[in-house]
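Colleague: Protein chains in written order, with numbering that gives the first Met the number 0: chain X, 0 to 849; chain H, 0 to 230.
Hints should not be assumed to be uniformly reliable.
Said to hold, decoys possible - To give an idea of the chain X side of the interface with chain H (calculated C-beta under 7 Å), a few residues: (1) A2; (2) A297; (3) L298; (4) G299; (5) T301; (6) R302.
Stated by the list, open to error - Residues from chain H that face chain X, not an exhaustive set, calculated with beta carbons under 7 Å: (7) T96; (8) E101; (9) E108.
No wet-lab data here; the hints were simulated from the structure.
Beta carbons: idealized from backbone N, C-alpha and C, even for Gly.
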Amino acid sequence: MTALRAASVRHLLRHPAQLALALVGLALGVGTIVAVDIATASARRAFELSLGAVNGAATHQIVGGPGGIDERLYVRLRTALGEASEPRARLAPVVEGYVTAGGRVMELVGVDPFASAGLEGGGRADRPAPFGLEGPEQARAWFTWPGAVLMSAGAARALGVTAGGGFELEVGGVPHRATLIAPLPGTGAGLDTVILTDIAQAQEWLQAGPRLSRIDVRLPPGTAGGPLERALAGLLPADLTLRSTRAASRETLAMTDAFTTNLKAMSLLALLVGTLLIYGAVSFAVLQRRPIIGVLRALGATRREVLVLVLGEAAVLGLAGAACGVLLGLAIGRGLVGLVSRTINDLYFVVAVNEVSVPAGTVLAALAAGLATALVAALLPALEVAGSAPQLGLARSVLEGRAARAARRLALASLLLALGAGLTVALSRRSLFAGFAALFMLLIAVAAVTPAVLRLLAQAAARLSAGVSPVARLACADVGASLSRTGVAIAALGMALAAMIGVGIMVESFRESLREWLVQTMRADVYVTAPGVAEGLERRIEPEVMRAILALPGIRVHSEGRRVTVTSPLGPVDLNALSLAPPSYAGFRFTAGDPARAWSGFAHGAILVSEPLAWRLSLEPASSLTLITAQGAHAFTVAGVYREYGNDRGEVLIDLHEYRRWWHDDGVAGLGLYLAPGVSDSQLIAAVRGAAGSRQALLIRSNASIRELSMRIFERTFVITRVLYWLAAGVAAVGLLSALLAWELERARELALLRTLGLTPRGTAALVLAQTVFMGVVALLAAIPAGLLTALTLTEVINRRAFGWRIDLHLAPAQFSNALWLALAAALAAGVYPAWRSARAALASGLREE
Amino acid sequence: MLIIRQLSRSFREGARVHRVLDGLEAEVRPGERVAIMGRSGSGKSTLLNLISGIDEPDGGTVEIDGVAVSGLGEPARTLFRRAHVGFVYQFFNLIPTLDVAENVRLVLELNGARGAAARARSLAALESVGLASRAHSAVDQLSGGEQQRVAIARALVHEPGLLLADEPTGNLDDATAREILPVLLSMTRARGTTLVMVTHDEALAATADRVLELREGRLHARTAVQSGAGP
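I would like the entire structure built from these sequences, with the hints used as guidance.
Modeller: Quick look at the structure:
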């Protein structure tokens, strides 16, 4: 190692605490990004595995509306294709739906094992055809055992079932008996949320009649988009569509796009805070060595050599921090996987993440991000020190003068950034990326203005305290005159606090808006629903059970509803078909369209769309939305747009009678019951339970309990956001700790001098603590207005552009308390050790220190 | 040969301008030893910084062995300095994170010398200042005199034509200064190095071939010990 590099390395090693804190800051930033990437990639991979596990060789799917596909079509298609010359398309029918087994929601998939094996093109070596049925015994069991099913060994273990064993599964609350033939061989990757059964069995359990959910198609390689695909599409009735499996899985995964984008933005925030910390650490290391670098320059080290030296240090620091960050990210990622998959299960689709995927690209990107972050952060101090004249013993006052000038310039830059953020929002109408860019510009603006605020307030405090005590004046003046040491750390803390306040207000505003929306929307007193996944077709209240319930004397009026997913040229659309009771109309708050005209249109076949759908598909009153009905494509007129927080993909509201007319589905999945006078909700719940008896296990909830459940799901959804913002705050706290610790330790001589002049040990400790707390409070003061702007950006821009809904801003003092506690805790933690050290330091040695 | 013509340098402090050097002229022959004296703040250190190219003049030229240093840009000025100029400072300015030998070797490495050859030359330089046995000591374990001897070894290890010394005994007691002086003089003499030293120390100044006094921005001959050039 050359002497120049040795000097550099040894300097870093001589300041282990400073080095460690900088590494921790960067590692936390990089670790958060890695963790989010791992969690979302793992959920995505699990979803893809589950898609590939059943008919993974399919290239296309034939899908229909909520009524499914007449199974005779499958026969007709096979016959038609069988007559065609090679190459031929291969088909496999599928019936699927959601069931509950052992308290877990699982996907029931009915297949024709021979057709599915045929889809594989004669069977694949790694999957014994058909579908893991090993030998004639199992094949016989598949067709002859009542309720015969297959599932992965993991799923069997989770349900406590062994080969030949029986268990109960519920379809829409109706219990059925199933028997496990045998656990599937191998890992059964992707099948942990799947129960496989024969197609006829699935039709029976799901009450699908002679209908199929979809037909999987495998087109021979190289024929996609060609005459064969066109011929197949030409054989389909108007209500069915042929689409590629890739497009279908993309559509499903796209549902989580806004969710994962938000997660990534939060993790980027942690890295941004980490960047400032690295900047602080490198500029402090440069500052400490300015005299040495002056000597090096005088001895003949060129500017380039000094630049390379400082950037080289930063690169090593960046790579080491990123490597630690990757390891940390792996650890945090494992924890985050559970939270992410739970949110996806709550909001989007059923997925079980058993394996943590660590994409190689993530690790490389994290290392590159760590390196780039460190280099970008180090560039300014490196250029500054390399560009300055090699004068020795540059006066501290000169340095602080420069820092003060820089603070003034940064305050101006902050103003420009804030204006830039406003312009970015104004000029970009829908871009979520631009929204996040504006948000980050705003946060950087906070960081940029904080040193100037610190200086101004410190000078003002010094003037005010001059008459009180010279020590108090010294404490304040010292803070204002040490921007070169403390400015960056305070800026990082200010930015993290602003983000914390902003996110806190956004979450609270969302919570309040949701609570108000629930109060307004949930008008009925008791809700009865068939259990299962929201848009699952199998969710239907048995007609007999429904008749018995509606005959109960305690019901004044009732609403009926059916939720399904239908296809449209723009992708799948969730449809909420309702027959509303008179009091239920008041539960809708229109954000576009006249309510009276909207309801009139609704009664005559027009649709209402929720805010998220209106935003996503650019719909407004009088525009139209084409949906694929059982009678083919039909353009429905939009009569109004209403507020809705229950579904971030958005939904279409249609009159139940109109739905039945267009889709030929007379199922009802939920009832909203209004109490007759003198009847309590608990009495009605008991009566409904009695009416359903053992025929169907329905979910019967009071208005209050359903609101409580909704709020619980909301809280679970925001757990990840909270985890991430605490990580970002943690990074900032570490940065403050690092900078203040270094600053205070550097002042050991000055503090020793104060001791010799008569300041008591307790007085010295109080002085140090007062200074660090002062800085924490200043960071908070700078962060409060910025936090409010951040909250506005998050609610009015980010949420609007990501999900399409508007949130009413709710402010409460409690939203600022987390930021206050963080500022105080970080400042106190940063001050305690130097305070203790300065109070106990031996004066003679302290004075000797240079 | 060091030739300085019409050298000027001012510093601004708020609205006031301090004219530190004002049309300074000087010539120093190869191998000559020149002491520069003057009151604090007269511009002695500024002059050394301008000669070495650490600082840039407002006007005038500095020429060392036919090279107009003041006309060079970066990094040519730095590359010239590290090859042809040595520095000894009042406060030693050793790198605290390097040991004694590494401090000396640093200059060789900056000039492209590496490995065993660089190690041997740095040890030889330490030998000549009597510190070979402390080669691997940390610099903060050395006394002031020893640190200055390391600084002299570092300044001369790459055999520069010009050695600039800024108060080389200013931070040492008399006894230590008396030890350092012969080392500095014998080493420059042995290598034929031109020596320009700034000092307040009359004893040190007395060892020079010429003593110049910096006054009102210009150099004035004070004592001509031997024949010498100068204004």
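Colleague: Against this structure, judge whether each hint is valid.
Modeller: Here is what the structure says about each hint:
| no. | hint | result |
| --- | --- | --- |
| 1 | A2 | holds (4 Å) |
| 2 | A297 | holds (6 Å) |
| 3 | L298 | holds (6 Å) |
| 4 | G299 | holds (2 Å) |
| 5 | T301 | holds (4 Å) |
| 6 | R302 | holds (6 Å) |
| 7 | T96 | holds (4 Å) |
| 8 | E101 | holds (4 Å) |
| 9 | E108 | holds (5 Å) |
In the structure shown, no violation is registered for any of the earlier numbered hints.
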